[in-house]
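Chain by chain, the residues:
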Amino acid sequence: MPGVVGLVVNPASGKDIRRLVASASVFDNREKLSIVRRAVLGAMAAGIDRFVYMPDCHGIVSAAVEDLVEDAVFERLPSPVTDSALDTTRAADRMRESGVGCVITLGGDGTNRAFAMGWRDPPLVAISTGTNNVFPEMVEGTIAGAAAGLVASGAVRSGEASRQVKTVHVSVDGEKDDLALIDAVLLDEAFVGARAIWSPVRLKTLVLARAEPAVVGMSAIGGLLHPLPDSVDGGLVVEAGPGGHVVTAPIAPGLYTEVPVRTFRQVGLGETVGVCGPGVLALDGERERRLKPGQSAGLTVRRDGPLVVDVQLVLKLAAARGLFRTAWSEGTNGN
Amino acid sequence: MTDIAADVLLDIHNRMVRIRTFEEEAGKLMESGKIPGALHLYVGEEAVAAGVMVHLRDSDQITSTHRGHGHLVAKGGDLQKMYAELFGRATGYCKGKGGSMHISDLDLGMLGANGIVGAGPPIAIGAAFSNKYRGTDDVTCCFFGDGASNEGTFHEAANMAALYKLPVIFVCENNGFGEFTRQERHQAIHDIADRAAGYGMPGIVVDGMDALAVYESAGEAIARARRGDGPTFLEYKTYRYFDHVGVRGMGVIYREDSEVLEWRQRDPIALMEARLAEQGLLSADGAAQVHEAALAEVREAIAFAEASPFPEPSALMEDIYTTAAGAGGAA
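Residue numbers (this note's numbering), protein chains in the order written: chain F, 1 to 335; chain D, 336 to 666.
Keep in mind that the hints were calculated from the coordinates and are not lab data. These numbers were taken from a predicted model, which means no experiment stands behind them. Here a beta-carbon is modelled for each residue, glycine too, at the ideal position from N, C-alpha and C. There may be inaccurate statements among the hints.
[Stated by the list, open to error] Straight line, CA to CA, 25 Å or less: simulated DMTMM-like cross-link-like pairs of lysine to aspartate or glutamate:
id, chain 1, residue 1, chain 2, residue 2
1, F, Lys292, D, Glu632
2, F, Lys176, D, Asp602
3, D, Lys363, D, Glu632
4, F, Lys176, D, Glu597
5, F, Lys316, F, Glu137
6, F, Lys316, F, Asp121
7, F, Lys176, F, Asp93
8, F, Lys292, D, Asp342
9, F, Lys292, D, Asp602
10, F, Lys292, D, Glu613
11, F, Lys204, D, Asp338
[Said to hold, decoys possible] Some chain D residues judged to face chain F by a derived CB distance under 10 Å, without partners named:
id, residue
12, Asp342
13, His521
14, Ala523
15, Ile524
16, Asp529
17, Pro537
18, Gly538
19, Val540
20, Asp542
21, Leu547
22, Ser552
23, Ala556
24, Ala558
25, Glu613
[Claimed, not checked] A short, non-exhaustive set of chain F residues, derived as facing chain D with CB atoms under 8 Å:
id, residue
26, Asn29
27, Cys57
28, Asp230
Bound conformation, chain D alone (with noise of 0.2 Å):
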């Protein structure tokens, strides 16, 4: 029903490359202990970043989760300070000192990965009210899963956007887990769209292993916005092929090998790929083409990562909201 243009197509398919991409090197390097720190991948999740995203404009804003980096990756983030983030390094987009948790890129829009559950809600909001009362019609594109769902923060801001109208839209990457816990263990419901209508959204439920659903779905929620409609919460049904952390992580069993390769048959990548050479629009060489650009890109950001310094000592102190005196608790 709507509308794809062949460059919209083979962009929706390259974002999800560079996100895969990405975080599989990214996994590697965490679990051989070259990257400190915690990681929480998105592999498995692209069609939903990649979807939404290719809509968006830089004056558009996200808010991003503790599992954020396809989201940057994918608002055309800089691979380059991404790595040195992950890396600590001090050319990183926090200068070192914030980690995978804390990228972000205000230039983009992209208002911060978060290492609370359902911090994103309440902050997206914000932004899309400041988009309504400077008078643009920018919108705020708020990613959060299923966990988040069931935080306080989400049910105030998701009223808050309700009440006010706001160009806002929540994306709930339901992959089926919260950390450790299915979600039949922490809901007492499955579609937690159901919960749009309590507070006077629509709300709607689409496959986020199908990229092009995803993009026509968030592309008339996103429409809406921008028209001066209000809010749209969309359930996209995803799933990480890799831990809650890590790639194989903390060794916790909480779910079977053979799930994992029975949601890896309907891999978001693959699906697309089959689609665009059923179209003409890509080979299979051509698809290798555009793996193999993003690994070389990946493999350049990360030896830039691993060739700058780590931040100084004396940095400590800078980038906050107070002084070093009031930091400190001292007079």
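The shape of chain F in the complex, shown without the other chains (with noise of 0.2 Å):
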């Protein structure tokens, strides 16, 4: 069976403020849209002929592989656009009952997060092309893309090449639940705003799923004290604050803090830390809501994230099982 390899891309990763208050990158749509093509032709030459992917108002999709529509089909989903992270929650949603094998993101930890607030079930090849990412790889295209077929066909089983990653369970009194896959930060913040984080002023308690110590953003202010990796169950509570450390981290990239830490401590899955409005709740490096004076909210980290697709062990097993070469010609041997 061939296959169905979801895409799901974020127009509007790679542009927001951190432009101009740190050095990130601007990730321009012409070279979403050249990548998007390469992993198309990469999950082709893994045999996929069918795609289903999330409409943007940007048509990256569409223009990527308006030349490849004799080649493969690919189906555009019915879900509304809206020019918001809600597009690819709701198109997550849907793409559960497309017959999706594999799905591609593109985007940073924002958008994998959308996803998986939407459907957190499919294998996921994330490929890095926002801010601060923690989640997706730096993965040339092409080999994401045959990485996603393979797994999508099956010649590759998930089970073999990809891992269920933590998360941060949100849980607001009296609101929506909500999800981070890196981190939860309480800010002292009375707004959304810019969205993003570059100063550790209003840092307040930040609960990490992963304390890295080589990537950009709140993880890694966990990852200078206390290294945890996602393979390591549990999570990292940060309380910001003068009276311990301060530690020197990238909180955005290209841009190494102060930060003044009180308190640091390991909890295990399963185990709520609870954090106490007004302030702002920042998931995965953006503010996102805000909590009212006295409301409560309890953040838990657990290991229910999406499956991450190991890229470089998909293609590793597909060298050992001859899926991009022929047999033998007769007469010749290996050496």
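Mind docking these for me? Both chains are given alone in their own frames, and the hints should help you get the complex.
Listed below in structure tokens is the structure:
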């Protein structure tokens, strides 16, 4: 069975205020279009001939494949386009019924968070085109597409080359629940505003599903104190403020800054950390929602996130199985 | 991330309400035939003008567009002189001889609305060059739309601004339409800020319906320019509720009413009022008072304008760049 690959491309990733307040790169949509095209060609080389994609107001996917429609089927999901993160969440939900065996996302942590809020089960190949990217990989589109194709077709089983990552569940008193894939942070802030975080001054409580020393963003603060990779169960809670360490951490691209940390501790999976408003909750590096004075929220690290495909491992398995080569011709040998 | 004092928040709200009120009343007067000529109204886009202008001082300049009333109201323009100009009266900003699309106020650094799409960018970089040459830390904000970003004038100005590291901020008000043409039918790209990198300046995309997102992003860009770090391209995704001209304008069908209603769900003034209420800074009664005060001020300006005289025919050749004889071509 050839399998179906899903495509979710966030047209808004890589364009926020961190191009001004830090040194983030601009990720223009022509480049995203090129990556999509390469990923599709990679998946087709792996035998895929059907793709399902999220519509976006930029028409990135449809433009990327306009001359490939004779060779494969490209099905546009009938989900509304609002030019917001809601598009990704809705498309993820609709993709659930479309027979997709693996999904390729283009975006940053926020894009993958939005996808996981709509559908958390499918194997994901997450290509980085965002700003703070802990979740997605910097990986060549061609290879990412091939890996997604191999997983979608079953040539490499998802269970062989993917792992289920951790999440931070957010339950807010009296309001709908939320989710983060890397970090949930309470800020002493009144407004969502331009969304990004580029100053340590307002940090209060950080709950990190991953504390990685070699990434950019909130995760790095914990990672430079007490590394806790995704492979290890549990989370790290960091209370910002004077009286303890001062960590020099890259909280945005090119922006190493001093972050005062009062305490930090590891928590187990399922252990809820309570925070209380007023403040703003930032999820995966973006200010998302306001907590009213006295409104409480619970932040819980769990291992119930998406299945993330190990692209390198998929291709190694493919090589070992001879999936990209013919059988030996008679009279030749492997030397 | 940016400290926003309560008085600044209230100031942004007040500027937005004054723009909305000015424009809604102007729209009624145009459609009833009391104001001659065409007005291009700014209703729906108030967060951009207010969120940018609250950072500026009188010595900072702006260049405006054919949809320019909101810019001058937000910059502190005199509503009576503005309305007098719309009515074509001698007490107006251009002594009644310019109309809506030529209002300027050099004392406020407002270098002019402009009837020519894309005319502002070259003027803006000229002003910015002057600021740099004179050694001031004044900046120039150049307002223009998605349609203007296709004009050669914009591209030449963007190139020079980046080349000479000029203190200019390109404020692109992308309302999704060039007159009656949807953006996807006049540009192959959706984020105009993508063009900034091609000229060697940073460009970002911001929600133009959220006054605080505008405030934060504009503040950073203006600070960059004042520091001498050069130009920035800010693209604000916004929407005009009214037609290209007037309120229901020329009756051209080019969008569904449902689309307008959808954008109105994220009305910038309503969003701001909800936030101010959450913060305990402005009650519903307080907000109503701001609207009432703005309406009273606008009605006073309209009364002033209607009571003002038309320019005398003898003033026809005044305030021009040549002599009467030269203008007539006679020796």
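Tested hints:
Restraint check for lysine 292(F) and glutamate 632(D): not satisfied, since their Cα atoms lie roughly 35 Å apart, outside the 25 Å limit. Distance restraint check for lysine 176(F) and aspartate 602(D): the Cα-Cα separation of roughly 23 Å lies within the 25 Å cut-off, and the hinted pair is therefore satisfied. For a cut-off of 25 Å, the pair hint linking lysine 363(D) to glutamate 632(D) stands: about 16 Å separates their Cα positions. Between the alpha carbons of lysine 176(F) and glutamate 597(D) the distance comes to roughly 23 Å, so the proposed pair stays at or under 25 Å and holds.
Using a Cα cut-off of 25 Å, the hinted pair lysine 316(F) and glutamate 137(F) holds, with the two alpha carbons roughly 17 Å apart. For the suggested pair lysine 316(F) and aspartate 121(F), the alpha carbons sit about 24 Å apart, so the restraint of at most 25 Å is met. Note on lysine 176(F) and aspartate 93(F): the hinted pairing holds, with a Cα-Cα distance of about 17 Å set against a maximum of 25 Å. Distance hint between lysine 292(F) and aspartate 342(D) is fulfilled; the C-alpha atoms sit about 21 Å from each other, no more than 25 Å.
At most 25 Å may separate the alpha-carbon atoms for a hinted pair to count; lysine 292(F) and aspartate 602(D) meet this at roughly 22 Å. Between lysine 292(F) and glutamate 613(D), the direct Cα distance comes to roughly 8 Å. Compliance with the 25 Å bound is thereby established for this hinted pair. Of the pairs offered as hints, the one joining lysine 204(F) and aspartate 338(D) holds, with about 16 Å between alpha carbons and a cut-off of 25 Å not exceeded. Here the hint on aspartate 342(D) is broken, as its CB sits about 14 Å from the closest CB of chain F, past 10 Å.
Restraint check, histidine 521(D) versus chain F: the minimum CB separation of about 15 Å is more than 10 Å; hint violated. Given hint, alanine 523(D) at the interface with chain F, holds; its Cβ is 9 Å from that chain's nearest Cβ, closer than 10 Å. Annotation: interface hint on isoleucine 524(D) holds; nearest CB of chain F at approximately 7 Å, less than 10 Å. Checking aspartate 529(D) against chain F by beta carbon gives a least distance of about 4 Å; that is within 10 Å, so the hint holds.
Contact between proline 537(D) and chain F, as hinted, is supported at the beta carbon level, the nearest pair being about 4 Å apart and thus within 10 Å. For glycine 538(D), the interface hint holds, the least distance from its beta-carbon to any beta-carbon of chain F being 6 Å, beneath 10 Å. The interface hint given for valine 540(D) is met, as the beta carbon of that residue sits about 4 Å from the closest beta carbon of chain F, less than 10 Å. Given the 10 Å rule on beta carbons, the hint for aspartate 542(D) holds: about 8 Å separates it from the nearest Cβ of chain F.
The beta carbon of leucine 547(D) is positioned within 10 Å of a beta carbon in chain F (closest approach about 4 Å), and the interface hint is therefore held. With 10 Å as the threshold, the beta carbon of serine 552(D) comes within range of chain F, its nearest partner Cβ sitting at about 5 Å, so the hint holds. Because the smallest distance between the Cβ of alanine 556(D) and any Cβ of chain F comes to about 6 Å, under 10 Å, the interface hint for this residue holds. Restraint check, alanine 558(D) versus chain F: the minimum CB separation of about 9 Å is within 10 Å; hint holds.
This hint holds: glutamate 613(D) has a C-beta 7 Å from the nearest C-beta of chain F, less than the 10 Å allowed. For asparagine 29(F), the suggested interface contact is upheld, since its CB lies about 6 Å from the closest CB of chain D, less than 8 Å. Here the hint on cysteine 57(F) is kept, as its CB sits about 6 Å from the closest CB of chain D, short of 8 Å. Hint status for aspartate 230(F): violated, given a least beta-carbon distance of 28 Å to chain D, over 8 Å.
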